[in-house]
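Colleague: As a plain string of letters, each chain reads:
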Amino acid sequence: MKQKISNLLRDIFHPREIFRVLGKDRYASLKIRIVLLDVLLSMIPLFIVITISYFWFQKILKDDFHKQLNWEIQNTKQTIEFFVDERLSVLRFITSSYTYEQLSDQKFLTETFARFKKEFGGLVDFGIIDSSGIQRSYTGPYNLAGKDYSKQEWFQEVIIRSYYVSDAFTGYRKIPHFAVAIKREVPEKGTFWILRATINIDTLQKYVNTVNLRSNDDIFIINQEGILQTPSKFHGDVLEKYTAHVTIPRQEILIQELQTSGDDCKICGFATIKHSPWILVTVIRSTPYARIPSIFRNELFFITMGSILLGLIFTIVMANTVVNRIKLSDQDREKAVGQSEHASKMASIGRLAAGVAHEINNPLAIINEKAGLMKDILEVSGNMPDNKDKFLSLISGIAESVNRCRTITHRLLGFSRRMEISQDAIDMNDAIQEVIGFLEKEILYRNIRLELNLQENLPKVITDKGQVQQVFLNIINNAIDALKKNGLINVTTYAKDDKFIGIAIKDNGSGIPKENLKHIFEPFYSTKEKGEGTGLGLSISYGIVQKLGGTILVESEINKGTTFFVELPLKSEGD
Amino acid sequence: MDSQYENELRTLQMRFIGKIIAGFTHEIKNYIAIINESNGLIGDMMKLGKSPENELPVYLDIIHSIEDYIEKTTGHFRYLNRFAHRMDAPLSSFHINESLEELIALINRFANQKRISFKQGYDNDMPPVYSNPSLLQLIIFTFVEKNIMELEQDSTITMQTAVADKSVLITIIPNGKRVEGSSAPIPTELLDIIIKELGGNISQDRGKNTVIMLPLTSSSMSQAT
Amino acid sequence: MAHTKVLLVDDEKEFASALAERLQLRNYDVKSASNALEALGIVHSFLPDVVLLDLKIPGMDGIETLKAIKKFDSTIEVIMLTGHGDVRSVEDGMKSGAFEYIMKPVDIGELTLKINRASQKKQTS
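Residue numbers (my numbering), protein chains in the order written: chain E, 1 to 575; chain W, 1 to 225; chain Z, 1 to 125.
Simulated from the structure, these hints should not be mistaken for lab results.
Predicted model only: the values in this text are computed from it and were never measured.
Among the clues, some could well be false.
[To be verified] Which bits of chain E does chain W cover? Going by a derived footprint, with three or more residues having C-beta under 8 Å, they are:
(1) 340 to 349
(2) 358 to 370
(3) 399 to 409
We treat Cβ as the ideally placed atom computed from N, Cα and C, and that holds for glycine.
All chains, please: the whole structure from these sequences, using the hints.
Modeller: Have a look at this one:
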């Protein structure tokens, strides 16, 4: 078994032996080619479909994810906006509920502050500021009474917009705060005043943190300069700078896919918070769609493998069935052709024999009559002088007819020689030299050099000399044609092993291109011009060598030359 | 019959026919040569001045010999013709004795080389047989050839024919010493297959006689010729 | 008795001349023709008793020639000269009125016997 496998591998992979495989069993190689082609053809659409499905599925997941993300960001944004608006509304309510005079009173402010602080967590302080920017009353942990805010930017802004929300800043006990302010117009007096409140960032943070996040994801708020307003999981703490890329969205929400230097794709969502200087940033590192769920992949893998296997099995079975049918029908055809060839050979024997018998009748009849006449003359008149000449002419007439008989009979002999398939012990070296003898003139005329490396004591082969010589004649003729003028033909004989001898005929001509090599043993395949050569020579030679139990191989390299190897068994099987 | 046997059979047939024709041709060449010589002899005698008046019997003798050999030649060609035409159809009606006679005549030359002669013991009341005459001749030839090769000089071979129940029997009886250690190989397996397809049988008995049985009518025979 | 008139029709001149001579030696009155046209011409002028006719002569088909002769004079008897394997032609010839046939190479005794029988038949018809 091991030997068989190693032989098979050697046959398939050793370059020279490939042609042995092709030559020996065309049907096996046809089967292999059909299966390979079929599998390839069926795998291509399979892979196309799989690839398309894969990417399509990936896209759907991604789109879905983005939608989901968008929705989440939207929600968070709205929540925070609501939070901001709520704080602003509270202040507005306070400014509409109480007068400037009331709230300017420190005690009143403190009481009011205490009441509101109870309801709205995170309030740190209240402050009333007059139209010139001076803090009239203040309640809170800082010492800010009488502070002059007139030069500050926020003051200008609140005058223009009527409201203000600040960035985060470090406050009391290093706790980050942010401030909101409302301007209250007093149309009767033509003036205004401002209610300012400081709020703990904690509360803001609470809203941000409600978002349901995966472990790798981060959501936080930054200001227009990129300073963190709420703490980020991976990018720093409050009031630290967010160093990664920020795109300020023109519309309210912008989701961007960024390729970072790491392998993961980062998705950043930016959302502006209305009525505030803030930007909500969502950084998603875990993109579940980037890794198609393993289930899909496993299933896909098994389905693919299963289909390929199924397809392969099916193709092999089909190819086997079809090629076997072809082989059978080829064999049947060969058989039928063989039979009809044989039948016609036999019929021709009958015709030949009849033809010869018929033809020879006349000269025989002539001889008979002339001899008879001679007899008659002798019996009737023994008178010589008159008849001498007559006799001599009769004798020469008989001689002529005898020659005719000979010629006619000779045809029969030629025919019988052709019919006899001898099985004699042939010295291949002699056989080759005879063939070369035929072609000597041609070889000399074309100035081709002939090298003979005939192994001494080459074992004799029991085979049909005529047919073997026909093969050599064909191959050497081809070599001569390939060389045209000048060149070298080398004929080597060797004992391949104890069962086979080999004859190698090599020429250093133009060689045969690889595409043609596969076909040269096919009938009617010829690279010669139309009218020159039928293309049958090599296919007939192939058939002869096969029938004699041997193999014929060819090796060729462009511009280097071609070598034909004919290997014959010392004894054909069955002897 | 499977294709390997068919190929073997065809080869065997070709060889058989080749041998027959070769033998025939050599025989004819022989006859013609004798005619030629006789003819030349008359010419020589006349030129040498041996006139017919004095040598009449000699002249007549020679001419008689020429006529004789013409007849032999013509007869031999008739045998060849018959032999060749037996291959025209796979099955036909023929007479065993006739087909044996022509076969023996055509192979006489081989036998003559060892001065082996043929005796015939033909049953004269043989009915015609419907079978394959050329294959029968092939089979018989194979055994006869074997005997010729194995027998010593001056032996005889007797060909016997007889009718049996719905069949005919052809017996080849060699008579003579066998050459020491000689054994000419014959394709027994193939011959068995052939005769069986014709519905017959080949058997050998102790005395090295070969008996070929052929039914009067062979039913089938695939394209074996 | 008058010599029996024999017309020998055969395209092999060597054969025909030798045979004719042999028949002459046996007291037959022999003429030869080597083709159908010539043969018919001689039949008209020579009025043979017996015609020895080789079936494969050039020109007209042998059988046609036979028919033509019989048409000219049905008492003329025709003996066909044939090689082996000419069975079909011989049959046709017999059907077309030939008297007999003889195979080549010819046995002179057999031939003269047949010629005599043919001539006898002619005389009695």
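Colleague: Count residues of the region 358 to 370 of chain E with a Cβ under 8 Å from any Cβ of chain W, then say if the count reaches three.
Modeller: holds (count 5)
Colleague: Taking 8 Å as the Cβ threshold, is the statement that the region 399 to 409 of chain E is covered by chain W upheld or broken by the three-residue rule?
Modeller: Our answer is that it holds, as 5 residues pass the Cβ test (under 8 Å) against chain W, meeting three.
Colleague: Counting residues of the region 340 to 349 of chain E that have a beta-carbon nearer than 8 Å to any beta-carbon of chain W, does the count reach 3?
Modeller: holds (count 6)
Of the hints listed earlier, there is not a single one the structure fails to meet.
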